[in-house]
Amino acid sequence: TQLLEQSPQFLSIQEGENLTVYCNSSSVFSSLQWYRQEPGEGPVLLVTVVTGGEVKKLKRLTFQFGDARKDSSLHITAAQPGDTGLYLCAATGNQFYFGTGTSLTVIP
Amino acid sequence: EAGVAQSPRYKIIEKRQSVAFWCNPISGHATLYWYQQILGQGPKLLIQFQNNGVVDDSQLPKDRFSAERLKGVDSTLKIQPAKLEDSAVYLCASSLSQGGYEQYFGPGTRLTVT
Numbered sequence: 042t043q044l045l046e047q048s049p050q051f052l053s054i055q056e057g058e059n060l061t062v063y064c065n066s067s068s069v070f071s072s073l074q075w076y077r078q079e080p081g082e083g084p085v086l087l088v089t090v091v092t093g094g095e096v097k098k099l100k101r102l103t104f105q106f107g108d109a110r111k112d113s114s115l116h117i118t119a120a121q122p123g124d125t126g127l128y129l130c131a132a133t134g135n136q137f138y139f140g141t142g143t144s145l146t147v148i149p
Numbered sequence: 040e041a042g043v044a045q046s047p048r049y050k051i052i053e054k055r056q057s058v059a060f061w062c063n064p065i066s067g068h069a070t071l072y073w074y075q076q077i078l079g080q081g082p083k084l085l086i087q088f089q090n091n092g093v094v095d096d097s098q099l100p101k102d103r104f105s106a107e108r109l110k111g112v113d114s115t116l117k118i119q120p121a122k123l124e125d126s127a128v129y130l131c132a133s134s135l136s137q138g139g140y141e142q143y144f145g146p147g148t149r150l151t152v153t
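Residue numbers (the numbering used here), protein chains in the order written: chain A, 42 to 149; chain B, 40 to 153.
None of these hints come from the bench; they were simulated from the model. All C-beta atoms, glycine included, are put in the ideal place defined by N, C-alpha and C. Hints are all accurate, no fakes.
Which residues of chain B face chain A? A few of them, derived with a C-beta cut under 7 Å, are:
#, residue
1, 95
2, 130
3, 141
4, 144
Subject to a maximum C-alpha distance of 20 Å in a straight line, what follows is the list of computed EDC-like cross-link-like pairs (lysine to aspartate or glutamate):
#, chain 1, residue 1, chain 2, residue 2
5, A, 98, B, 141
6, A, 97, B, 141
7, B, 50, A, 82
8, B, 83, A, 82
One chain only, chain B, in its complex shape (with noise of 0.2 Å):
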């Protein structure tokens, strides 16, 4: 089956400008994750869908990140405007459903803010 796919791979741009990522889920995953991850550091839970539906967005900067999910399938995850310490890998992930079911990472998006 095909993995969980995103795009772009890389993207370098100014800061206060807008980026958007995108992600297309495993097929059936109801679950969708987006994780920050800095150089050398664990991932970081940025927002949670299940369905079309947040579960979890607590440690999402929503003054300038937003996500959407609209027909729970694939997934945007945008920044406006960006900042230098927004330079990061963004990895989308699914899982079957919540709760401790495998997730299934993507190579990620490297994002440099200059």
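Looking at chain A on its own, in the form it has when it is part of the complex (with noise of 0.2 Å):
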């Protein structure tokens, strides 16, 4: 069972569309971190989300964590190419957890 489930896992758009990508797990978490990863290299810490409502931005990234702080979303503006990576949330729960991903293709 997977203590955060990311959707959808896969999206491909169209350079210029919005997209939200989704985090939403039953268990409550202190904080939650978004990272972006591309092929071939580790994750980059994009965002650490703490409070509980919290919206940060981040360029053409919007984050937010809900309220009850069990979920999470990133919202992305006017996609770029630039943008296609592999999505990963993760917190720390007994211990460190990464969501299971989504894989975002932007295509010019």
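Starting from two chains that each stand alone, build the complex the way the hints lay out.
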């Protein structure tokens, strides 16, 4: 059983479109992180959210932590080919867990 | 500053053979992690060290996998004997300390077991 379920698993969109990736759990977390991983490389941290209801923006990326601190979303506005990659949420329960991952392809 | 170094980048072995991976974390980082990542999935934590002590190895298949960080700096992960299902990317990461600090990842070692 995966502690952190991400949806969708795969996403292929045209450049300029908007998209949202979800990270859901039945557990409560003190903080949640989002990473992006490009082929042949390790994941790179994008953001850490700590407070329930918190919203953080990173250029065209908007991250939200659920009020109950069980879920999170990542919204990308006007996606670009450089956004292509595997997006991973991660959180610390009794150990550190990564989510199942969302593979995003942005077509020029 | 230099990032997390891993070697080799690629390794192909036959089943039942042994293999070892090496990781050198960012200087000064006390916590070191080894992950296994199956293609298209999120990384799974295998073992976490704090300095030279093991914090968590609950998901390490101890009948075939072993890891050490003897001097609290670099680390090796060994598989003996390898199985087909061990084919994956093995990622090493380090952080200043445990407990929610940002993890910095190396490029990984892609292992293929035939």
